[in-house]
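Participant: Listed below, chain by chain, are the residues.
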Amino acid sequence: MRALRTAASGMAAQQLNVEVISNNIANMNTVGFKRQRAEFQDLLYQNVERMGAQSSAQGTVVPTGIQIGAGVKAGSVYRITDQGSPTQTGGRYDVAIDGRGYFQVLLPSGETAFTRAGNFALNGEGQLVTDDGYAVQPNISIPQDAVDVSISKSGQVQVITAGTTEPSIVGQLELASFFNEAGLEAIGDNLLMETAASGAANVGTPGDVGFGQLLHGYTEASNVDAVAEISALIIAQRAYEMNSKVITTADQMLSVSAQVKS
Amino acid sequence: MENAAYVGLSRQMTLRRELDIVANNIANADTTGFKVEQLLLGAEIGERARNAFVRPGVSFVLDNGIGRDYGQGSLEQTGRNLDFAIEGEGAFFELDDGAGEAYTRDGAFTLDPEGRLTTEGGAAVQGDGGDIILDRALGEPSVAADGTISQNGNPVGRLSVVRFDALAALEKGGDGLYRNASNATAIEATDAQVRQGMLEGSNVNPILEITNLIEIQRAYESVTRMIENTNDLSRRAVERLGRA
Chain Y
1 MRALRTAASG
11 MAAQQLNVEV
21 ISNNIANMNT
31 VGFKRQRAEF
41 QDLLYQNVER
51 MGAQSSAQGT
61 VVPTGIQIGA
71 GVKAGSVYRI
81 TDQGSPTQTG
91 GRYDVAIDGR
101 GYFQVLLPSG
111 ETAFTRAGNF
121 ALNGEGQLVT
131 DDGYAVQPNI
141 SIPQDAVDVS
151 ISKSGQVQVI
161 TAGTTEPSIV
171 GQLELASFFN
181 EAGLEAIGDN
191 LLMETAASGA
201 ANVGTPGDVG
211 FGQLLHGYTE
221 ASNVDAVAEI
231 SALIIAQRAY
241 EMNSKVITTA
251 DQMLSVSAQV
261 KS
Chain Z
1001 MENAAYVGLS
1011 RQMTLRRELD
1021 IVANNIANAD
1031 TTGFKVEQLL
1041 LGAEIGERAR
1051 NAFVRPGVSF
1061 VLDNGIGRDY
1071 GQGSLEQTGR
1081 NLDFAIEGEG
1091 AFFELDDGAG
1101 EAYTRDGAFT
1111 LDPEGRLTTE
1121 GGAAVQGDGG
1131 DIILDRALGE
1141 PSVAADGTIS
1151 QNGNPVGRLS
1161 VVRFDALAAL
1171 EKGGDGLYRN
1181 ASNATAIEAT
1191 DAQVRQGMLE
1201 GSNVNPILEI
1211 TNLIEIQRAY
1221 ESVTRMIENT
1231 NDLSRRAVER
1241 LGRA
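Each protein sequence line maps, in turn, to chains Y and Z.
The first sequence begins at 1 in my numbering and counts up one residue at a time.
The second sequence begins at 1001 in my numbering and counts up one residue at a time.
The hints are simulated quantities; they were obtained by calculation from the structure and are not laboratory data.
Check each hint, because a few of them may be wrong.
Listed next, with one range per pair, are the computed distances between beta-carbon atoms [unchecked claim]:
1. 1099(Z) - 126(Y): 27 to 33 Å
2. 91(Y) - 1135(Z): 32 to 38 Å
3. 233(Y) - 1238(Z): 20 to 26 Å
4. 188(Y) - 1088(Z): 40 to 46 Å
5. 1131(Z) - 160(Y): 50 to 56 Å
6. 1142(Z) - 74(Y): 26 to 32 Å
7. 172(Y) - 1101(Z): 44 to 50 Å
8. 1099(Z) - 60(Y): 38 to 44 Å
9. 1058(Z) - 259(Y): 45 to 51 Å
10. 29(Y) - 1219(Z): 49 to 55 Å
11. 1135(Z) - 110(Y): 28 to 34 Å
12. 1113(Z) - 139(Y): 24 to 30 Å
Stretches of chain Z that chain Y covers, calculated by requiring three or more beta carbons in the stretch to come under 8 Å of a beta carbon on chain Y [claimed, not checked]:
13. 1059-1071
14. 1106-1113
15. 1167-1173
16. 1207-1220
17. 1223-1234
Where is the CB? At the ideal position from N, CA and C, for every residue including glycine.
The whole structure should be built from the sequences, with the hints applied where relevant.
Facilitator: Following this line, the structure appears as structure tokens:
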């Protein structure tokens, strides 16, 4: 019976759905996290009776035909990149992006990764780095005698050193944007990698057309909506249960048939 | 004598097929833009179930086709600006997937590396003048109810939303796509509205489907019992007649 396999595909799909939802809920408080959504598509169809086929010798034609679907599959799991709310942290090196764009981070492998998590810190050499110690690109070094640091909306990093009153510019933060943000590949640690689907990074200054502005002293909260996730979880669970009912029904029907010859 | 068994068997076959279709409906209860289906049944008109000793009037069950309910699914807000839903029954987004024209109600679109608006499966979404190409540097695209896409207040294209006079002309192709199986031509759907940041859920009614499931199972059981009884009857007949 096809129904058994069809319902199994439905259960597998709902399981994936629950996995995606649970990852969203687990990352509810992750800085710069973007929620994901599983999107489903119907599987292929078998044409049992093709529409337009002749149904009698008199030339009558089947108007609708019979197509039987084979279940469901995950079409894609995509990231919804709407803005997370900026959260004031007062952190000296915390920067949130308000709008589009990603910070660039140099990985130890020499590749560039992208992130929305702007909770930066300094390393032993005074370089601006992420939580994991990866340098933010372009390199920005804060002098050791800096008393105060300020980062402007357009990404200019200024410091006031001891004994001076005039701020001096020590660097400029840049943002990267992509044609297809959903095509970026997540590699964990809040980092994303460029892929063929995302297109090449387009680097620009914060505040320019197509790029967001920076907010100093803030981090971007995740855009996970707890209420929406919980209701999605309920829907997924019920859908899973209904698919299992189909399996039970198909099984019982088969068993009824099997008992005929007793 | 075997008529009852054969007619019962024809009903069992259609019941199994109905179960397959209900299973597909339930599996797709959460599929974007999915349209629910059901099997249409009738009595076989051509050939009657025949037996020389039985008076005519017995017909086999025949599944003539499937009915697809193109009713509106519920709209779900996703907040993603490349998600679109159509409000309006029987209207579709027009696509070109390389193998020809295709139609879909699943408006979870994305951009390819060249900025072309495509489905998740890579089929190019069609606008008034072919593919729709967006330049993200111009700002976030916003889409009006008639499908006009604008960036920064300037119109840059228009989503083509079409419908067919006879929806039976459409054939499901999987992956949320419909294909035109007849030579009917698509016409512009002027009454349908495009909603940005939303997706259309399936129009599967779970309660109805579970009820169908119960009905199918019970009908199957009772037909099976009827076949059993028929078997019993003939066995007893053979036993008694054989004894004489």
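Participant: At a Cβ distance under 8 Å, does chain Y reach at least three residues of the segment 1223-1234 of chain Z?
Facilitator: holds (count 4)
Participant: Between residue 1142(Z) and residue 74(Y), does the beta-carbon spacing fit 26 to 32 Å?
Facilitator: Holds, since residue 1142(Z) and residue 74(Y) (Cβ atoms, about 29 Å apart) stay within the stated range.
Participant: Can you take a look at whether the segment 1059-1071 of chain Z is actually covered by chain Y? Rule is 3+ residues, C-beta closer than 8 Å.
Facilitator: holds (count 6)
Participant: Given the range 20 to 26 Å, decide if the beta-carbon distance of residue 233(Y) to residue 1238(Z) lies inside it.
Facilitator: violated, 60 Å
Participant: If you check the beta carbons of residue 1099(Z) and residue 126(Y), does the distance land in 27 to 33 Å?
Facilitator: violated, 58 Å
Participant: Is the hinted range of 32 to 38 Å satisfied by the C-beta distance from residue 91(Y) to residue 1135(Z)?
Facilitator: Since residue 91(Y) and residue 1135(Z) have Cβ atoms about 35 Å apart, the given range 32 to 38 Å holds.
Participant: Just to make sure I understand the rule, a stretch counts as covered if three or more of its residues have a C-beta closer than 8 Å to a C-beta of the chain. Does the segment 1207-1220 of chain Z meet that for chain Y?
Facilitator: holds (count 7)
Participant: Taking the Cβ atom of residue 1099(Z) and the Cβ atom of residue 60(Y), is their distance within the range 38 to 44 Å?
Facilitator: violated, 30 Å
Participant: Starting from the hint 40 to 46 Å, judge whether the C-beta atoms of residue 188(Y) and residue 1088(Z) obey it.
Facilitator: holds, 42 Å
Participant: Does the segment 1106-1113 of chain Z contain three or more residues whose Cβ lies closer than 8 Å to a Cβ of chain Y?
Facilitator: Three-residue rule met by the segment 1106-1113 of chain Z, so holds; n is 6.
Participant: In this structure, is the beta-carbon distance linking residue 1135(Z) and residue 110(Y) contained in 28 to 34 Å?
Facilitator: holds, 31 Å
Participant: Return holds or violated for the Cβ distance of residue 1131(Z) and residue 160(Y) against the range 50 to 56 Å.
Facilitator: holds, 53 Å
Checked against the numbered hints given earlier, this structure breaks hints 1, 3, 8 and 9; the rest are met.
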